[in-house]
Amino acid sequence: MSDENIMNQGNSEEISAGIKIVEEKGIGYTLTVEREDLFKAASALKEAGFDLFLFVSGIDYPESIKLTYRVYSSKRQNKLAVMLKTEVPKSDPTVDSLVPLWSAANWHERETYDLYGVIFKGHPDLRRIFLPQDWVGYPLRKDYSDDHMTVMDDGKKDKDKAAAKDKPAAAAPKESAEKQDAPEQPSDIADANEVSTNGSDKNE
Amino acid sequence: MAGRISNFIDAWKSIVIGHSVTAKKLREPRSTFFYPYEPPKLEERYRGAPMLVRIAGETDEKEGACTACGLCAKACPVNCITVERNKDKEAPLKAAVWNLDLTRCMICGLCAETCPQGALKMSHDFENAVYVKDKLIYDMERVLRRPVMVKAAEPGSEE
Amino acid sequence: MGLIKMSKLEEMKISNHNLSELEKDLALNGEVESTEDIVTEELAIHFGPQHPSAHGVFHAIFHVKGEVVTKIEPDIGYLHRCFEKIAENRTYTQFIPYTDRMDYVASMTNNWAYCMAVEKLAGIEVPERAEHIRVIVGELQRIASHLVFLSTAGSEAGALTPFVYFFDEREGILTLYEKICGARLTYNYIRIGGVRADAPEGWLDDTLAFVTRLKKRMYDYDRLVLGNYIFKKRFIGVAPFSAEQALDWGLTGPPLRSTGVSYDVRRSDPYSVYPRLEFDVVVKYKGDNYDRACIRSDEIKQSIRIIEQAIEQIPEGPVKADGIAKVFKPAAGEGYGHVESPKGDLGFYVVSDGTTKPYRVKIQGPSFGNLQALPAMSEGTYIGDVVLTLGTLDPVFGEVDR
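Which chain is which? The protein sequence lines are A, B and C, in order.
The first sequence maps to residues 41 to 244 in our numbering.
The second sequence maps to residues 6 to 164 in our numbering.
The third sequence maps to residues 248 to 649 in our numbering.
One chain only, chain A, in its complex shape:
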């Protein structure tokens, strides 16, 4: 953040004192800050004319969660959008909420809380948004798992698949005997039900 020789560096611009956006391959202009400075940097962006909040995204890494915000300016002439990046450690995933600056951050931060467990300090209504309120765990973390999940590995086939493989010889060609096929099902269906009822509470 405290680079001094920043002017005339080609694809970069100093928005305000100490806040410099640089162009990054693939995603455009970015600004990376420490999480303590996030609110300050965001305020500077807001003052510099970035008035439209587009999204916040978490990325789960083993030790930390990286947050990427995207803001757009309807007033500026060039360098219209900026990705604002920060990082929070997994042991203490808290960061300042940007709702005071952009009301639009409300649902987006709730979404990130819901799926990543990042706690936004100062958010007016930090609840889960997609999942039920009593859901346990944060699904988009890499270590999340529950019984509903089907993970596709290249070599392995999941268990439904294995079951399907055994069946068809018996099941497929019988056109007429629909009723007779029905009794064959229950064992599988019962299994499926068992799995789905006790899901969700496993993690954490």
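These aren't lab readings, by the way, just hints derived from the structure by calculation.
It cannot be assumed that every hint is accurate.
As the list claims (entries may be wrong) - Here are the simulated DSSO-like cross-link-like pairs (lysine-lysine), alpha carbons at most 27 Å apart as the crow flies:
#, chain 1, residue 1, chain 2, residue 2
1, C, Lys-463, B, Lys-29
2, C, Lys-567, B, Lys-79
3, A, Lys-182, A, Lys-65
4, C, Lys-463, B, Lys-30
5, C, Lys-531, A, Lys-86
6, B, Lys-18, C, Lys-533
7, B, Lys-18, C, Lys-462
8, C, Lys-533, A, Lys-86
9, C, Lys-332, A, Lys-161
10, C, Lys-548, B, Lys-29
11, A, Lys-182, C, Lys-332
12, A, Lys-119, C, Lys-531
13, A, Lys-130, C, Lys-604
14, C, Lys-332, A, Lys-125
15, C, Lys-604, A, Lys-106
16, C, Lys-462, B, Lys-29
17, C, Lys-462, A, Lys-115
18, C, Lys-426, C, Lys-567
19, A, Lys-106, A, Lys-182
20, C, Lys-604, B, Lys-79
21, C, Lys-462, B, Lys-30
22, A, Lys-65, C, Lys-567
23, C, Lys-318, A, Lys-161
24, C, Lys-576, A, Lys-182
25, B, Lys-30, C, Lys-567
Please read all numbers here as calculations on a predicted model, not as lab measurements.
Position chains B and C against the provided structure of chain A, taking the given hints into account.
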């Protein structure tokens, strides 16, 4: 009062416009068809359930052009295809098992796109409703029972 | 209407123009002379999750006083499938069919945005012909989506006949899509580095014929729906939003442009061949329901212009970039691609760790951002107008919940 009169005129104008548009529409040919009695016109590229293609005159009834390379199974986003090659080393490269779980299939067509032999294609079958779910798990016999098709000239060029 | 207590109404400082007009009407007719004694309690009404005019599975609790909505508590997530998690378990190509299932009224632009993000990540150049085809199908998709909008907006205000006409027109687009990609709703047509297959023989001519016919008919449809007396009465002046509010609440797409902010990704962050095409970004200034409806109709006309130009300019050549390996494995990095979908700014943020599967795919759905503004937009309006306001935001819940 003036407002009421203009409201009255506006309202009647809307009604007249509505009727005139409807009158225009009446002269156009109908755009619906009586579905169960009249078969729908499907375009050539229409994607229905996947099917295996037989090369007319080349392979016998049970086989088809599939060489069981397994690329379709790998390309499938929902893992609905199972392929196993026959174990006999002397026999030509053919599939021993080729199962399609249509309950999962989302008919995206990625399998047909990857097939290097042009042996797998999207059929025009769209009436796949059954009373028992098991019937949607197709084995090779079932898949091959579809109409005989001639293999495409250039593998991978179709769809 | 006799139940509204006038003093309470004044307390709520309702800035709605329709309401004050109606109040005047009621006062003229002598219907609200002695309402002082009538006590109105605040009610909580559950709207949805399965409500025919909720545009999907949307649950909201409307707190109403009389007929005036004082508070809205939206509750979403009924269609949540966590595509972002699914994406981490699929290869780059395998995820394309899933994007179809987000905004299912405009699948093509979803495909496009995702593929564009991956192309930016891997630095792939798309051939000219493929770009032109993308523009044509993308603009057809915009027309189709806006036609669905106009039909549902009309039917919510009671106009059921135009519903059939617009769906008839949309049928023409679906048939064109069936010809080019084989599906009518979940297209799975755009590929990383190009499109699935070249347009079949005669498809461009069919498209041109279709848009030419639609251009003529749009005149009638405008008069039929947007010029209709009842439609105007229900839409003009309802739930107005200022540019500041719209930006603050993160609106994108037609709802934002209806407030006077000219934010259109096709112009602000040009992609594909749009810089070479002539078209206007439609902007309206009042930001009420009627402007939000009109803007869609005008955009259809602009889309027709774009399609005509694109068909005229389309070069011969390949439709898929060379050198894309069958096992697609981009280098580690990040890519963000966004397009102007019919609903707004649709973006995909793809992070790669150098394997065949994306490390993270973030989907920025415009419907999600737009729906968020519903409480701010419609608190203080009548409960009957909330459905219209929801309709003019045009959310698709496959995209809101993802």
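Okay, the hints, checked on the actual structure:
no.	hint	in the structure
1	Lys-463(C) with Lys-29(B)	holds (12 Å)
2	Lys-567(C) with Lys-79(B)	holds (22 Å)
3	Lys-182(A) with Lys-65(A)	holds (25 Å)
4	Lys-463(C) with Lys-30(B)	holds (13 Å)
5	Lys-531(C) with Lys-86(A)	holds (25 Å)
6	Lys-18(B) with Lys-533(C)	holds (25 Å)
7	Lys-18(B) with Lys-462(C)	holds (23 Å)
8	Lys-533(C) with Lys-86(A)	holds (25 Å)
9	Lys-332(C) with Lys-161(A)	holds (26 Å)
10	Lys-548(C) with Lys-29(B)	holds (21 Å)
11	Lys-182(A) with Lys-332(C)	holds (9 Å)
12	Lys-119(A) with Lys-531(C)	holds (25 Å)
13	Lys-130(A) with Lys-604(C)	holds (24 Å)
14	Lys-332(C) with Lys-125(A)	holds (21 Å)
15	Lys-604(C) with Lys-106(A)	holds (19 Å)
16	Lys-462(C) with Lys-29(B)	holds (15 Å)
17	Lys-462(C) with Lys-115(A)	violated (34 Å)
18	Lys-426(C) with Lys-567(C)	holds (19 Å)
19	Lys-106(A) with Lys-182(A)	holds (13 Å)
20	Lys-604(C) with Lys-79(B)	holds (13 Å)
21	Lys-462(C) with Lys-30(B)	holds (15 Å)
22	Lys-65(A) with Lys-567(C)	holds (23 Å)
23	Lys-318(C) with Lys-161(A)	holds (25 Å)
24	Lys-576(C) with Lys-182(A)	holds (20 Å)
25	Lys-30(B) with Lys-567(C)	violated (41 Å)
Consistency with the previously given hints fails for numbers 17 and 25, ordered from lowest to highest.
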